[in-house]
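Here is what each chain is made of, one letter per residue.
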Amino acid sequence: MSVIHISNLKKEYSGNYVLKNINLDFDSGQIIGYIGPNGAGKSTTIKILTGIIQEFEGDVNVLGMDIRKNAIDVKQRIGYIPENAVLYEVLTPVEYLRFVGGLYQLDEATIDRKTNELLRLFDLHDKANVRMNNFSKGMRQKVLLISGLIHNPDIIFLDEPLSGLDANAVILVKEILLQLKLAGKTIFYSSHIMDVVEKISDRIVIIYKGEVIADGSFETLRSEAHKGSLETIFTSLTGNEQHQSTAGEFVEALK
Amino acid sequence: MNKLLLKLVYLFRSLMPTEVDFDKMMIIVKAKLTMDTRRVYLNYKSAKQKENRNHLNTVLLIYGFFGLMIGFLVFALPSFLLCMIIFHTYVLFMMAMTLITDFSTVLLDTADNQIILSRPVSSKTIFMARLVHIMIYLLQFTIALSLFPIAFTFFKYGPLTGIGFCVTTFLTVLLAVFTTYLFYLIMLRFSNEQKIKEIVTYFQIFMTIFFAMAYQIVPRIINFKSLAGSFELHWYAYFLPPVWMALLLDGLHSLSFDRLHILMAALAIGMPVITFWVLNKYLAPYFSKKLSVLNNDAVEVSKGTDNNVQKRSIAQKLSTLVCKKGFERSAFEMTWKITGRDKQFRLQFYPSLAYILIFVFVFVFRSNQSIGESWENLPASSNFLVLIYVPLFTISMGIMVMAFNENFQASWIFYSTPVDKPGELLTGSLKALLVKYFLPAYLIMFVLALYIWHWAVVDDFFFGLCNNILCFFIMAALTPHYLPFSRQPSTQQQTGKVVVVLVQMVMIGALIGIHYVLIKFPIIFYAVIPFLVAGVIAILRNLQRLPWRRIVTA
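In order, the protein sequences belong to chains A and D.
Quick note: the first sequence uses UniProt numbering, first residue 1, plus one each step.
Quick note: the second sequence uses UniProt numbering, first residue 1, plus one each step.
None of these hints come from the bench; they were simulated from the model.
Just so it is clear, CB atoms sit at the ideal spot from N, CA and C, and this is done for glycine as well.
Treat each hint with caution, since some may be false.
What the hints assert, rightly or not - Keeping only pairs whose Cα atoms sit at most 25 Å apart, straight-line, the calculated PhoX-like set for lysine-lysine is:
#1 D:Lys124 - D:Lys30
#2 D:Lys343 - D:Lys32
#3 A:Lys181 - A:Lys199
#4 D:Lys30 - D:Lys3
#5 D:Lys124 - D:Lys289
#6 D:Lys124 - D:Lys24
#7 D:Lys436 - D:Lys197
#8 A:Lys137 - D:Lys197
#9 D:Lys325 - D:Lys195
#10 D:Lys290 - D:Lys195
#11 A:Lys137 - D:Lys195
#12 D:Lys317 - A:Lys114
#13 A:Lys114 - D:Lys325
#14 D:Lys324 - D:Lys436
#15 D:Lys436 - D:Lys317
#16 D:Lys289 - D:Lys197
#17 D:Lys30 - A:Lys137
#18 D:Lys290 - D:Lys324
#19 A:Lys114 - D:Lys324
#20 A:Lys255 - D:Lys24
#21 A:Lys114 - A:Lys137
#22 D:Lys324 - D:Lys421
#23 D:Lys30 - D:Lys7
#24 A:Lys69 - D:Lys289
To be verified - Here are the in silico distance ranges between beta carbons for each label pair:
#25 D:Pro440 - A:Asn134: 45 to 53 Å
#26 D:Lys324 - A:Gln54: 22 to 30 Å
#27 A:Asn21 - D:Pro547: 30 to 38 Å
Said to hold, decoys possible - Calculated from the model, a selection of chain A residues having no Cβ within reach of chain D, i.e. all distances over 12 Å:
#28 Val170
#29 Val212
#30 Phe218
Looking at chain A on its own, in the form it has when it is part of the complex (with noise of 0.2 Å):
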């Protein structure tokens, strides 16, 4: 069953159609890579389908629901955690979470055993009652990563997840993902970073200029483009291949 299901899906912004008739559906229980180059329409498409945009032409349910209509359901069960997320940054981990946890309306004594547990698993127990004015990115992104799983959503939106996380959280956020998949969540990850996409995704979309331009696993997308890694398929289907002359020019430049 298709948890997420998009069709015919456009979005214009003062006259300027940023996605241009997008058709996808998702089946539960995978990790989808959403990859594109800047102004693609990434992030756009991540915010419908979270129901924060709710102006938009086409079709989109969510969990078999019509996102225009539920979206309140809707996010009660799936999880966001966006790209350069702010938080509140006088608040302590411990108050954020609270906070974040009592929108979702779930009640205090879970709240407390979740965030003492999650973020002791973080790593950031010492730091739990600690305003995060002084936080680095990585711990931050952290605190963000638990605020947008704290209610066990059913599908979770990712942008630029890892972005900060020193080596090891790394590690433990990808296997953290695949844990969530095997456990049947969708994950719906958009980043820059193509190896970590190539490596998780069981489905690779990648979007330019407001379309799909390649759809499929990595293996399809491998054998139909005839290159070896996903930036190779990246760069050759999002039609920038002089990157050596620019690159030259730019030395050049220096002199």
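Please arrange chain D on chain A, whose structure you already have, making use of the hints.
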């Protein structure tokens, strides 16, 4: 003024040590001066200010205006000595406060090390750039503060006193620098960077309040006639630097060089020089050593708190008392905590709390009566109405202040979580504002009124409480609905329609009017109170049920 002062620096070019690369130094100083003008000073920042506006100039103009006021004293006060004491106290106080509140960003700035030290610039050059920058900064403020007083002194007391005046002003500034350094050293010794910033915030709030008070209250207190006569210096006055300066000038002015004047003059010149030498020799190196450590322990670790046994905070306890379970409670706790910690909010809102007292003072003590006279007439008046209703007006400003926050981007969380009753977020944060700020202020007013009017005002305060809460929610209901801390500060705030504002004012005016009419018949209060309570409940219900489309979102 910057350009002029920079030109001045070029005059000293030949005096620079050879290790200092003059051109590089000037580049650094220029960059720093540019940054000075971009900094936000105190809370002179209004929502409409444009980005490229020179904040520094605004502040300097204000200081110049204060200087003009002080300058008039030169003419108004017949006692030369008193006038000089006032002026030097003023300069010492203003410079120290300015340095503490504003220059902390420069003194505590450790970004230099990261940005400049990695470039081909010698540390001597950086040091000199810092020094020159601080000098220019001090000079700007000194000129703004003392331009008028100096000019007036020259005019009234002649060139010799005038030149002496310039020198003592300079010496006072040196003392202010020393005081500031000492202050920060003590701070650095006993607390970390985070705490220092907290303390500095409170100093800034204090400054804002101080200005407002000085403006409103001082003219009412100072009776120029009583200052006209001679006045005696207490023995302890001779320990105060402004008195040394004033006596030095007094000696110059009256050409009297008795033992007292000579001793004071020696102190006036000697102390700044000695303290500056101590500062340079011992304190400054210690200071920079402390400062370099500051950067390394950026993240504090909570010590000894067992996270599993968390105590319920006050906010949590109160929220279960006054809030619906769910969104309202979350918003209440969040607002409670952020309002107490967010620097911008405190800078904008806390001074307005102090205005409560100032307004009460201004309303109760009309300027045409002496304070003693007003005080005696108080118990017979119905001025307690002022005490009852003034807190509401300043605290309801918090409704708007609360909507705007530097950290507005964090409000994405309201849109990604399943919030189906956004109105409850509003009521939660409104209740936090009411409980955290209004109730304590009201209690203080109540105690104050009890002291003056005794038990007769209890009925009035009880009625007033219900009336105030109703008025508060009427204001909240009729202003644009923003989620707490969700708007960018610089964006134009949506002003309510004129009709709405008018309706709001009429309703609140009517409610306070009812109180005024009923003052003589407190029994009727208890007949009206149920209606007020019903009104509060009705408006609260209405707010809680606000749908998303009624909320002003980005």
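Lys114 of chain A and Lys325 of chain D: Cα distance at most 25 Å? 19 Å, holds
In terms of Cβ atoms, is chain D entirely out of 12 Å range of Val170 of chain A? Answer for Val170 of chain A: holds, closest chain D Cβ roughly 20 Å.
For the hint 22 to 30 Å, verify it against the beta carbon of Lys324 of chain D and that of Gln54 of chain A. For Gln54 of chain A against Lys324 of chain D, whose Cβ atoms are near 26 Å apart, the range 22 to 30 Å holds.
For the pair we were handed, Lys30 of chain D and Lys7 of chain D, check the Cα-Cα distance against 25 Å. It holds: about 11 Å lies between the C-alpha atoms, which stays within 25 Å.
Holds or violated: Lys124 of chain D and Lys289 of chain D, Cα atoms, limit 25 Å. 16 Å, holds
Restraint check for Lys317 of chain D with Lys114 of chain A, where alpha carbons must lie at most 25 Å apart: 21 Å, holds
Checking one constraint from the list: CA of Lys290 of chain D to CA of Lys195 of chain D, max 25 Å. Satisfied? 15 Å, holds
What's the verdict on Lys436 of chain D and Lys197 of chain D, does the C-alpha distance respect the 25 Å limit or exceed it? 23 Å, holds
Could one say that the CB atoms of Pro440 of chain D and Asn134 of chain A fall in the range 45 to 53 Å? With Cβ atoms ~30 Å apart, the hint is violated.
Are the Cα positions of Lys137 of chain A and Lys195 of chain D separated by 25 Å at most? 22 Å, holds
When you check the alpha-carbon spacing of Lys69 of chain A and Lys289 of chain D, does it fall within 25 Å? The given pair, whose Cα atoms are some 61 Å apart, is violated under the 25 Å limit.
Do the alpha carbons of Lys124 of chain D and Lys30 of chain D lie within 25 Å of each other, as the hint requires? The given pair, whose Cα atoms are some 17 Å apart, holds under the 25 Å limit.
Of the numbered hints given earlier, the model fails hints 9, 17, 18, 24 and 25; all others are met.
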